[in-house]
Amino acid sequence: MKKVFQLIDLDCAHCAARMEEGIRKLAGVTDVSVNFLTQKLTLEADDEVFEKVLRQAVKICRKIEPDCTVVIQ
Amino acid sequence: MTRKQKKLLCRILSAVVLLIAALLCDRYLGERLNAVQLLCLYLPAYFAAGFDVLKRALKNILGGQIFDENFLMALATIGALAIGFLPEGEPELAEAVLVMIFYQIGELFQSIAVGKSRRSIAALMDIRPDTARVLRDGAEFEVSPDTVAVGELISVRPGERIPLDGTVTEGCSDLNTVALTGEALPRTVKVGDAAISGATNLFGALVIRVEKLYRDSTVARILALVENAAAKKAKTEKFITRFARYYTPFVVISALLVALLPPLFSGTFAASFPMWLARALTFLVISCPCALVISVPLSFFGGIGGASRHGILIKGSMHLEQLAKARTVVFDKTGTLTKGTFTVTGICPVSGTAEDLLLLAAAAEQRSNHPIARALLAAANAPLPKVKEIRELAGRGVMAQVNGQEIAVGNGALMHDVGAAHAASQESGTLVHVAQNGTYLGYIAIADTLKPTARDAILALRDTGVANTVMLTGDRAAAAHAVARELGITSWHADLLPTDKVAKIEHLLAASHRGTVAFAGDGINDAPVLSRADVGIAMGALGSDAAIEAADVVLMDDDPQKIATAIKAARRTLRIVRQNIVLTLGVKVSVLLCSALGLLGTWQMPIAIFADVGVLVLAILNAMRTLKAARICN
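Protein chains in written order, with our numbering: chain A, 224 to 296; chain B, -10 to 623.
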C-alpha cells in the first residue's frame, strides 16, 4: 500500500533527509520519501503492517523535529 | 507570516529589549557585581531568546540525537556563558545572548524564505482544478473532478479551467494552454475537438464529454510528474546528503581538538584554555549544514518548476543534470523535425498534364487511409473520376479500374509487376509512380514538410555548444540527405528499422567520451530509443501515454526549439547549484579557519552566526533565481 501524508511545520531540510533515512530502516517499508518542498511524506509498506509502520514513522518524525506533525485523516 | 513565525518575532523583540536592559545595568553597576550576579543579569534575555532551543536540545539528547543543531547551539551559548567563570576567562555574556538572538532571527528568515519559495513553486503548478460542473439529468452539479466518470458531460464556463480530458460537444471557444505548453497563443476549439484538462476556457461556454478519468487526465499526470521529480535525485543532491552526514561530526570533533590540543601543548593549560574554548565554540555555531541541504534541492526543484511553465517537463533532477551535459542531440526525423504530414512536392508526367496524372492517382487511392493517399487527395482537391475494383497491394500500392482503364499507383516494385518501364529519378522524397494498362505515365513526388522552427532549433543547439547533431530515420537516404542539408545537421543515418535506431544510439553512447547523448523523438514507436539514451526527450506529448512513460523530458508542444531552451534552463540551474555549494562551503570554511587562528576578535560569535544563517538566506534567494531560468533563455 502506498499513501501520501501532509506534513505541517517541517522546517529543516536536513531533518527531512534524516526522517527519510530513519523510516527507510523500519521493517516492512518498501519505499519512502519525505519531500521538504511539497511537505509530503510518501510511505509505501506491506499492507499487513502498514498501520504499525505508520505509527513508527510518525514517532521518528516527531523525534527528529518535535514541531512537525503528520496529518492523518 | 504564519502564527509560528509571529510568535518567534515577538520573542526575538522581547529578548532584544531584555538584552539592552541587561547591558545598561552592566554598564552602570557592573563594577560592583560578582560573576554569578552578572550572569543573572543576562539570563532573562538568554531564556527569552532561546528557551525553545534549550528545550529541544534536551529532548533530542534524551532521544539519542547528538549532532542536532539545537544541541550544538545550546552547547555553544552555554559554553560562552560559562567561560567567565574560568580563571583568566573573559566574560562573554552579551555575546552568548546575541548569538542566540541572531540564531533565532536566522531561523525566522529561513522559515519565511523557504515558505515563500515553496509557495511560488506551488503557484507555478497551480493548474489543479478544484471542481467539475457535471451535467446529470439536466441539472448542473459541482463535484470533485475525480468522481466524474468517463462519458459524462461537463460544462466549463468562460474563465474556468477544464478539469478533465474530453471532446467538445457544444459551443466553441479559445483555450489558453500556457500553463501546459508555455505557448501563449490561444488554441481555438469547436464541436468535435479535443479539450485538454488544465487549459483555461477564455470566452465561450463549453460542454465537454469526458473521455478520461481524472487520474489519467493530462493535468493529473503533469502534476504527478512534477511532484515526483524530487524523488529522482541528482548526483549532486545525493553527494550533499552524504556530505551533510559527515560535516557536522567533523566540525564538532575539530571544535573539541581546537579547545583541547593547543592549551595542552602550550604548557600553560589554565591560562590559554578559555581563549581556545571561545574559538571552539564558534565552530559549533557553524556546524549545521542546513544551507546546503536546503538550497541544492530547492534549486533543482525551482529549475524543474520554471521549465514546466514553458511546457518542458523534466522528470527528475537527475535528468536535469544529464541534460545540462548534453553534447550530442539525436533526432528522429518524422514528427520531430518534420510535421509528419505529407504533401505533394512535385508532379512529373511523361505525357499529358500534371493535373490529369494527379487526378488519376488520387482516384485510385481515394479509399486508402495511408498518409500518402491523403496527401494525394488533398493536392487533387477536385471531383474524382469513377473507380471500380480497388485492390490494395501491401508494400506496393493500389490497382484500380478508373474510367474503364487499369491504373496502377505505387512504388517501383509495382511498376515492375505491371511491366511499366521507368527511368531512375534524383528527386528527394517519396515517389509515387502511375501506370495505365502497363504503360508508364509518370510519377508524383511526396515529401514530409519541415517544421517551421526546425532550422532555428538546430542553430540554437549549436549556439548552446551542442556540437554534434544526428538525425535517424526509417526514410530513404535521398530524403534524409535533403533534410539534413537543409537544416545543417552534422550527420544522418537513413533506412533504419526501430531496432537499428537503438543500435545507432548505443554506438553514439559508446563514442561520446565527453558529455551525454540526448534523443528527441515523437514517442511513436521510438520508446526503446527514448529509454536507451542518456536523456530521452519526447515531443508533442500532450495525450500520449507511452511517450510520457518512456521519456525523461517531455515537451508538451512539438516545437523542437524547446530542446535548446531545456538544455539552457538545465545548465543555468546547475550553475546556480554550484554557486550555492561554493558560497556556503567557502564562507563556512573561511570562518572556521579564521576563528581557529583568532582573526575574528571579539566578534567571532556573531560572525559565525552570519556564516550559518546569513549564508543560508543568501543561498535560498539565489536558488529562487532558477524559477526564472526558462524565461531568460527564451
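Rather than coming from a laboratory, the hints here were simulated on the basis of the structure. Using N, Cα and C, we set each Cβ at its ideal position, and we do this for glycine too. Watch out, some of these pointers could steer you wrong.
Selected chain B positions facing chain A (in silico; Cβ < 7 Å) [stated by the list, open to error]: (1) Gly52; (2) Lys105; (3) Phe228; (4) Thr230; (5) Arg231; (6) Ala233; (7) Cys279.
27 Å max Cα-Cα, derived DSSO-like pairs, lysine-lysine [claimed, not checked]: (8) B:Lys44 <-> B:Lys179; (9) A:Lys248 <-> B:Lys227; (10) B:Lys221 <-> A:Lys282; (11) A:Lys226 <-> B:Lys(-5).
Comparing the hints with the structure gives:
Hint status for glycine 52 (chain B): holds, given a least beta-carbon distance of 5 Å to chain A, under 7 Å. The closest approach between the C-beta of lysine 105 (chain B) and any C-beta of chain A is roughly 12 Å, which is over the 7 Å cut-off, so the hint fails. Interface hint at phenylalanine 228 (chain B): violated, since its Cβ lies 13 Å from the closest Cβ of chain A, which is beyond the 7 Å cut-off. Below 7 Å, beta-carbon pairs count as interface contacts, and threonine 230 (chain B) has one with chain A at about 5 Å; its hint therefore holds.
Because the beta carbon of arginine 231 (chain B) sits about 10 Å from the nearest beta carbon in chain A, more than 7 Å, this interface hint is broken. This hint holds: alanine 233 (chain B) has a C-beta 6 Å from the nearest C-beta of chain A, less than the 7 Å allowed. Interface hint status for cysteine 279 (chain B): upheld, as the beta-carbon distance to the closest one in chain A is roughly 5 Å, under 7 Å. At roughly 64 Å between alpha-carbon atoms, lysine 44 (chain B) and lysine 179 (chain B) are farther apart than 27 Å, so this suggested pair is violated.
As the CA atoms of lysine 248 (chain A) and lysine 227 (chain B) are separated by approximately 18 Å, the hinted pair is consistent with the 27 Å bound. Distance restraint check for lysine 221 (chain B) and lysine 282 (chain A): the Cα-Cα separation of roughly 26 Å lies within the 27 Å cut-off, and the hinted pair is therefore satisfied. The straight-line distance between the Cα atoms of lysine 226 (chain A) and lysine -5 (chain B) is roughly 33 Å, outside the 27 Å bound, and the hint therefore fails.
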